[in-house]
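Undergrad: The C-terminal position of the sequence shown is numbered 102 in the numbering used here, with every residue numbered one higher than the one before it.
Everything labelled a hint here was simulated from the structure, so no lab data went into it. Check each hint, because a few of them may be wrong.
What the hints assert, rightly or not - Label pairs and their in silico Cβ distance ranges:
(1) Val-27 to Asp-94: 31 to 41 Å
(2) Asp-94 to Gln-68: 11 to 21 Å
(3) Gly-65 to Glu-91: 27 to 37 Å
(4) Glu-43 to Gly-17: 28 to 38 Å
(5) Glu-76 to Asp-44: 32 to 42 Å
(6) Glu-71 to Asp-8: 30 to 40 Å
(7) Glu-43 to Glu-86: 38 to 48 Å
(8) Glu-71 to Thr-41: 39 to 49 Å
(9) Asp-64 to Glu-86: 10 to 20 Å
(10) Gly-65 to Phe-89: 30 to 40 Å
(11) Phe-93 to Phe-42: 26 to 36 Å
(12) Gly-17 to Val-84: 16 to 26 Å
Every residue gets a Cβ at the ideal spot worked out from N, C-alpha and C, and that includes glycine.
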Amino acid sequence: MNDDFGADLLTLVDDEGQEHEFEILDVIENDEGCFYALLPTFEDPQQEVESEGTYYIFEVIEEDGEQQLAEVEDEELLDRLAAVFEQHFEELFDAEDGEPEE
Numbered sequence: 001m002n003d004d005f006g007a008d009l010l011t012l013v014d015d016e017g018q019e020h021e022f023e024i025l026d027v028i029e030n031d032e033g034c035f036y037a038l039l040p041t042f043e044d045p046q047q048e049v050e051s052e053g054t055y056y057i058f059e060v061i062e063e064d065g066e067q068q069l070a071e072v073e074d075e076e077l078l079d080r081l082a083a084v085f086e087q088h089f090e091e092l093f094d095a096e097d098g099e100p101e102e
């Protein structure tokens, strides 16, 4: 299969200075802010299998005039966002499965 478009990748640096690469799965902007669903990338295929497709939700915050991504700490907000992202993923999956359009 030949993809004309590659994945949108983003590199984040943690508090210890370690770089981590993620694929951007989806972005939500609403009254509560801007949020990214990110899937870690792995060089070792076994690590990818073991991750079981776990993705992370980050919030865009502004710090010292720069936009940064931070973990969502509010559990209720995180649950609401996860539900919206999951619905987007299902819609995308259904569309890629070739459901006939009406």
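Undergrad: The structure should be examined with respect to each hint, and the outcome stated for every one.
TA: Each hint tested on the structure:
1. Val-27 to Asp-94: 31 to 41 Å: violated, 20 Å
2. Asp-94 to Gln-68: 11 to 21 Å: Since Asp-94 and Gln-68 have Cβ atoms about 34 Å apart, the given range 11 to 21 Å is violated.
3. Gly-65 to Glu-91: 27 to 37 Å: holds, 36 Å
4. Glu-43 to Gly-17: 28 to 38 Å: violated, 19 Å
5. Glu-76 to Asp-44: 32 to 42 Å: holds, 35 Å
6. Glu-71 to Asp-8: 30 to 40 Å: violated, 20 Å
7. Glu-43 to Glu-86: 38 to 48 Å: violated, 27 Å
8. Glu-71 to Thr-41: 39 to 49 Å: violated, 18 Å
9. Asp-64 to Glu-86: 10 to 20 Å: Check failed, 33 Å falls outside 10 to 20 Å.
10. Gly-65 to Phe-89: 30 to 40 Å: holds, 33 Å
11. Phe-93 to Phe-42: 26 to 36 Å: violated, 21 Å
12. Gly-17 to Val-84: 16 to 26 Å: Hint violated: Cβ distance 32 Å, outside 16 to 26 Å.
This entry does not satisfy hints 1, 2, 4, 6, 7, 8, 9, 11 and 12, going by the numbered hints stated previously.
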